[in-house]
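Novice: Per the working numbering, the very first residue in the sequence shown carries number 3; after that it's consecutive.
Among the hints, a few may not be true.
Cβ-Cβ distance ranges computed for the label pairs, FRET-style [as the list claims (entries may be wrong)]:
#, residue 1, residue 2, range
1, Gly35, Asp157, 49 to 57 Å
2, Val105, Ser73, 48 to 56 Å
3, Ser88, Gly131, 36 to 44 Å
4, His146, Ala50, 32 to 40 Å
5, Asp114, Gly77, 20 to 28 Å
6, Asp75, Gly131, 20 to 28 Å
7, Gly138, Glu98, 40 to 48 Å
8, Ser190, Glu52, 23 to 31 Å
9, Asp68, Glu98, 15 to 23 Å
Quick caveat, the hints were computed from the structure, so don't treat them as lab data.
Yeah, the Cβ is synthetic: ideal placement off N, Cα and C, and Gly gets one too.
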Amino acid sequence: MDTTDSSSAPAPEAGLPDWRMLAQALHARFLTGDFARGARFVQAVSEAAEEANHHPDVTLRYPHVDISLLSHDVGRVTERDTTLASRISAIAAEHETPADPSVLAAVELALDTADVAALGPFWSALLTGSPDHANGGDVVDPQHRVPLLWFQQTDEHPTPRQRFHLDVWVPHDVAASRIDAAVAAGGSVVDDAQAPAFVVVADPEGNRACVCTAAGR
């Protein structure tokens, strides 16, 4: 998880009220109300994507459509993504399909290890069926079946110290309420020194997770 401070740069979602940056990509949820209306919306989005020669990841469900945008060739959000995001929002307005950025979330898995090279191929094979999808500090499933797994370099330590944790990505304007909800449900804040980039929380038994946002990175 890159925590490089880029607070001086404009957020990719700036000027895109329907969209929020979570982890690597721009995300939006559009409330279609029913499956048929969602299918018509997806068709219009598909036509715009073909025209732009830039293709989002789209999930059609009842009663909403989830869309994410990322320039896979460079591994980050680019102007191609923000331009298409703006066009998709315009299509949503034409279809009278509102967005609800407050419900967006994404989960990544993180594993502490002192030996990424030894663990990477195993977890790649287990999660994706091939050891070849462990690149650098990440295991990325090219079929998008499982969450991204990244390895956090740490000192050598024995189990039972916790080694897995979840990174729960939420919009920057949702993080505080999500943390408050976790604390109200019996959890605690362990470390908020890196907020708003991430805040470490723990359950009543001390198992930790990070509430992450794209802000302050």
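Novice: All the hints need checking, so say for each whether the structure fits it.
Specialist: We went through each hint and held it up to the structure:
| no. | hint | in the structure |
| --- | --- | --- |
| 1 | Gly35 <-> Asp157: 49 to 57 Å | holds (52 Å) |
| 2 | Val105 <-> Ser73: 48 to 56 Å | violated (25 Å) |
| 3 | Ser88 <-> Gly131: 36 to 44 Å | holds (37 Å) |
| 4 | His146 <-> Ala50: 32 to 40 Å | violated (21 Å) |
| 5 | Asp114 <-> Gly77: 20 to 28 Å | holds (24 Å) |
| 6 | Asp75 <-> Gly131: 20 to 28 Å | holds (24 Å) |
| 7 | Gly138 <-> Glu98: 40 to 48 Å | holds (44 Å) |
| 8 | Ser190 <-> Glu52: 23 to 31 Å | violated (49 Å) |
| 9 | Asp68 <-> Glu98: 15 to 23 Å | holds (18 Å) |
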